[in-house]
Amino acid sequence: MALADFLASLDTLAQQARDAFASAGAAEALEAVRIEFLGAKSGHLRLVQKGLGKVDKSDKPAAGKRFNEVKTLIESAFNDAQQRLAGGGPSETLPFDVTLPGQAVRVGHLHPITQTIREMKDIMGRLGFTAVEGPEIEDDYHNFEALNIPLSHPARDPLDNFYLKCAERAAGDSATHPLLLRSQTSTVQIRVMEKTPPPVRIISLGRVYRPDTADATHYPMFHQIEGLLIDRGVTMADLKSVLRLFCQSYFGGDDQVHVRFRPSFFPFTEPSVEVDMNWQGGWMEMGGAGMVDPNVLRAVGYDPEEVTGFAFGLGVERICMRQHNITDIRALYQNDVRFLSQF
Amino acid sequence: MIVSWDWLKQYVDLSMSIDELTDRLTLTGLNLEGVEKIDSDMAIDLEVTSNRPDCLGHIGVAREVAVLWEQELKKPAIDLKATGEKIDDLASVAVECPELCPRYTARVIRNVKIGPSPAWLADRLKSLGIAVINNVVDISNYVMMESGQPLHTFDFAKVSGQKIIVRHSQPGEKFTAINHQEYELAEGTCVIADDQHAIALAGVMGGADTEVSSQTTDLLIEAGDFAALSVRNTARRHNLQSPSSYRFERGVDPECIDWASRRCCQLILELAGGELADGAVDVAQPAEPRPTIKLRFTELPRILGIEVATEKVQKTLTDLGCKETHICDHCIKVIPPSWRADLTREIDLIEEVARIHGYEKIPEDAGVKMVASVRSLEDRVHDQVRNVLVAAGFDEAMTISAVDRKWVDVFRPWSTEEPLVVSTPVLRRADCLRQTLAPSLLSARRINETLSNSTIELFEIANVYLAQPGKLPDERRMLGISSGGGYSSVKGVVEAIVAAVAPGNQLEATLHDDKFFASGRGAQLSLAGRQIGVLGEVSPWGLDQFELRSGTTIAELNLDCLVEFAVPIRTVEPLSPYPPVGRDLNVVFDEEVRWAEVEKIVRTQGGDLLESVAFQEVYRDSKRLGSGKKSLLLSILLRSAEGTLTNEQADAIRDRMVADLSQQLGGELRA
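Respectively, the protein sequence lines represent chains A and B. Here this note's numbering is used: the first residue of the first sequence is 122, the next is one more, and so on. Here this note's numbering is used: the first residue of the second sequence is -4, the next is one more, and so on.
Quick caveat, the hints were computed from the structure, so don't treat them as lab data. Hints may be right or wrong, so weigh each one.
[Said to hold, decoys possible] Each computed DSS-like pair below joins lysine-lysine, with the alpha-carbon atoms no more than 25 Å apart:
| hint | chain 1 | residue 1 | chain 2 | residue 2 |
| --- | --- | --- | --- | --- |
| 1 | B | Lys466 | A | Lys175 |
| 2 | B | Lys153 | B | Lys121 |
| 3 | A | Lys316 | B | Lys618 |
| 4 | A | Lys162 | B | Lys618 |
| 5 | B | Lys466 | A | Lys316 |
[As the list claims (entries may be wrong)] If you anchor each label on the Cβ, the simulated ranges turn out as follows:
| hint | chain 1 | residue 1 | chain 2 | residue 2 | range |
| --- | --- | --- | --- | --- | --- |
| 6 | B | Arg423 | A | Ala129 | 30 to 40 Å |
| 7 | A | Gln204 | B | Asp603 | 16 to 26 Å |
| 8 | B | Arg565 | A | Lys175 | 44 to 54 Å |
| 9 | A | Gln204 | B | Ala654 | 37 to 47 Å |
| 10 | B | Ala114 | A | Asp375 | 52 to 62 Å |
| 11 | B | Asp603 | A | Lys175 | 11 to 21 Å |
Idealized CB from N, CA, C, for every residue including glycine.
Bound-form chain A, shown alone:
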């Protein structure tokens, strides 16, 4: 038996015994409790003592010491109860130190990335966006072509992606689509739009992969959260407003939160913008956004004359790291329990 298990069973027993003795209301009941816990033949304490024999030899001293402590503790609980029933009330004679620490309870911790994603999902959920997930291994049609990224685009370079080796090919009419670890979660949006007629109002999130050398700010795997809203009459003003609401919720409801757009370039949106929010007197980069490119809408069978839409993407790690003052992204994936237990 592992030492930890044995000690845990001792602790449980001590707690149970204390509770039982404390709640025994009459001499008869007290005797029953005494037999239950301190009975010479098959009292719980006796049974646990047998367990002591099964503890690894090297752990015996520690286990024995604790066993004796618990035994003393249970016996004193019995004495207290006896005195109490004899009319003395709770024992006032035994010293007790109220400043001793309580019994430790080990509670685990959720990974900071999970917590960040949970918070983002919650907020976007309140704003009417349903969270969806999709495959991490994608064909290049969904990762590139449908997103208006042509074969000649530098983003498709084999050196900038994790293509799968060998003859792994996706099914479908064109059985020649190479597979790769997705480089963005927009792939999920394509898959949803292919299956769902508009309106669509989703966030897609999950792991994405790019061959960056791991350093303080880069890691070959990271997380993205991307929003998509397609409907009749969706405009850039809606995009700006949704992002502002998100920032307000995420950073604490202040109506002094504003967002600004800077022109940018992404193949799957046009106009494309970088999104900043005001932060400590300056502007903080939040992510990229834009109006879904008409080519993308057409690729999934939507009519860009009928519907418009916006999309935005936020880097989960960046926001998580800034909020928690994490200066090295690798700390997130090292899984040092001292790091994890701070969240």
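Keeping the supplied structure of chain A fixed, place chain B upon it in accordance with the hints.
Frame of chain A; chain B shown alone:
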């Protein structure tokens, strides 16, 4: 793109402050990366997105400034006097691969005097951090940074046969670049050659043989256009990225090629003397006509959410260099300028209008429609699982999705197929997409052991990847656990998860032999006959694979499968108002009898009256019980919904249980 403040001033009035300039440029598409003071000048680092190669020269940036501040763009005038022979008598150009070289122009200047550049020219390049070489090389760099068109000057005397051939490289062809390194050229590389060998990598880098040196007297000035993909591949393959390749990869202005060539000649004649040959060799594919683009005014509010005045639209587009061919109440039609190959569609014009008009004019308080969102069952279940694990004292880990090949065969609970392999390792040697989370968690465990962390209780929720022929891989969401506790403590956690997600389902364990698990301490877990996971104490051999010092128990559960058993909405059972009655059973069995069999009989016999059955302990004593025997102590709690159970009733139930245990499993009540 680094822009010199002093240089920029040559083309447009800069009456604003540098902050005002860079703020506005940032908000209209040229993001400020930083400003550095260099002598009396300022080097402004602007980020140019890949769709805007027109801003990879000072004139292009000046054009943006001119549009934003409604200033005039002052482009240098060129007046060239050819005093030499006819170029056709001096040089010839043959383009053998027009698909890689849509245009090639050459001019020749003879009897130049190579020397140092004048201070003004050297200063310009210094501000940009470009090395100063000699007047001719500096001029070609200068004109590139002015116009965005890369140029190359050859020492014409060294061009064998006075012949320029643009062709594919030959198999095994070698080339020495101006960095004096020899490269074996990848097949299909576009090279500039003379009648002997390659003298430049088209659009990427010149060659050492024809490099302009202090002895050079005759020059051939190349200005052309090379296909983006070919230039990128050449630069990548030979690891030779240059300012020139950077520009060709993004596309050059076809109508600026000749201007840049003439501008370069003008400056050479001015600063290095010589005679310009008459005319130019110009080998060009017919240029594709630029499209006329229609912008419907109603599209602006439909996309942007704001109205933009027609006059503003018209002025913005024409200021940017578009040629207006039509305007009416409904729309404007324009032909975009040659330097804006990115403008081909209506939406492209909308973006231009929006960014010049200013994104700050778009409101951030639009009344976005309210709709309901739905949380998926998967999401709810994953949260329930996480909550149980955190309450049970586990920390959530996150590990990379690929593993080292050597870990694939260590433990294979879900597949014996070959793993999917990535063409480059995701991290270090990890190039196999994982088929189980266990190796990743054990490796995280090892890191914690190395850090002397005493309590290491980890879990992760992530995908495993199993190949499926002819389909996208099967990605299954798994829960992996690695604990310092033993089999039963981790089993307790798994049972708590099942109870939290799928109450009413009984987790079944069957002994599972696997080299990875300690003998007799590994199990397959199932729900209603479906395999849902594995659980076991890792064997010493398994621990060795990960160089772990102390023991660990691992579990892996298929959460996709667990979700199918989830009970998202709970319904209550009526509670009996009557008190329970407890009984303990101490029964001796043969060692082979399993608890699961005992429990099943007890539950069957107990029926509706059995509220719970709890295992208390197992006791072995060969003297008192006989060898190969064990005694199981279990407690039952009985309760009726109809009335208080009497002692006699409870005893009768217990006796029937004992009778069944005896009959079916050979159990004997222990006195």
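We went through each hint and held it up to the structure:
1. B/Lys466 with A/Lys175: violated (52 Å)
2. B/Lys153 with B/Lys121: violated (30 Å)
3. A/Lys316 with B/Lys618: Violated - the C-alpha atoms of B/Lys618 and A/Lys316 are around 71 Å apart, more than 25 Å.
4. A/Lys162 with B/Lys618: holds (17 Å)
5. B/Lys466 with A/Lys316: Holds. B/Lys466 to A/Lys316 sits at ~18 Å (cutoff 25 Å).
6. B/Arg423 with A/Ala129: 30 to 40 Å: holds (38 Å)
7. A/Gln204 with B/Asp603: 16 to 26 Å: With a Cβ separation near 44 Å, A/Gln204 and B/Asp603 fall outside 16 to 26 Å, so the hint is violated.
8. B/Arg565 with A/Lys175: 44 to 54 Å: Since the Cβ atoms of B/Arg565 and A/Lys175 sit about 39 Å apart, the hinted range of 44 to 54 Å is violated.
9. A/Gln204 with B/Ala654: 37 to 47 Å: Check passed, 46 Å falls within 37 to 47 Å.
10. B/Ala114 with A/Asp375: 52 to 62 Å: holds (54 Å)
11. B/Asp603 with A/Lys175: 11 to 21 Å: The hint (11 to 21 Å, Cβ to Cβ) is violated, given that B/Asp603 and A/Lys175 are roughly 38 Å apart.
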